[in-house]
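Chain by chain, the residues:
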Amino acid sequence: NAGVTQTPKFQVLKTGQSMTLQCAQDMNHNSMYWYRQDPGMGLRLIYYSASEGTTDKGEVPNGYNVSRLNKREFSLRLESAAPSQTSVYFCASSEAFRRRGETQYFGPGTRLLVL
Amino acid sequence: KQEVTQIPAALSVPEGENLVLNCSFTDSAIYNLQWFRQDPGKGLTSLLLIQSSQREQTSGRLNASLDKSSGRSTLYIAASQPGDSATYLCAVWDGGSQGNLIFGKGTKLSVKP
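Chains as they are written, first to last, in my numbering: chain A, 43 to 157; chain B, 2 to 114.
Isolated chain A (complex conformation) (with noise of 0.2 Å):
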């Protein structure tokens, strides 16, 4: 039992390239999570899936994009790299979305650099 698990580790991109971002569970959730994580700030929502089939944004959608490919994956693409992205993303997951008592299960992070 793995957990929520992420690739790449780490990767370092330059202006206007593109990439993927993966992100598995294992535990049958039904929502997963794609956060940004920046120095001196707290942990931002980029995009949510509340179930396996649908996406929404979140606090920060801007220059990414989600696809929820089945029930143990959701990958945060970006298109067009800039600067500004370079951050720490974490993919989370919970059994449920909008239920009391529910916590989040977070992978270890990927760490992008934009040059």
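Just so you know, not all the hints are guaranteed correct.
[As the list claims (entries may be wrong)] The calculated DSS-like cross-link candidates involving lysine-lysine, where the alpha carbons are at most 30 Å apart (straight line), are:
#: 1; chain 1: B; residue 1: Lys43; chain 2: A; residue 2: Lys99
#: 2; chain 1: B; residue 1: Lys106; chain 2: A; residue 2: Lys56
#: 3; chain 1: B; residue 1: Lys106; chain 2: A; residue 2: Lys99
#: 4; chain 1: A; residue 1: Lys113; chain 2: B; residue 2: Lys43
#: 5; chain 1: B; residue 1: Lys43; chain 2: A; residue 2: Lys56
It is worth saying that the hints were derived from the structure and are not from the lab.
Please build the complex by placing chain B on the supplied structure of chain A, with the hints as guidance.
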């Protein structure tokens, strides 16, 4: 808009000391509050979750309290150990914000042997 503040931003204590981390939030109409631990280069691990109807939760040497009316929570760590060194994050869910968590910036704790 809900905002979460954590004070202090960093804290250094000698091993064995009892300590308190603080979290405050601007909108008291929350459904729950969670404390997470983040180790360098790692993801977040949930420590304690307090629902709005609860006043506190305990797990081992950790005790978290919640005072909704004043918009405050504290995380008490008893008999601190070097292994407690990490960043502690507070997050609230108020039912809005797309139904997701609003995080504070964290308190970086260093426990010296």
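| request: List, from low to high, the hint numbers that the structure doesn't satisfy. | output: none
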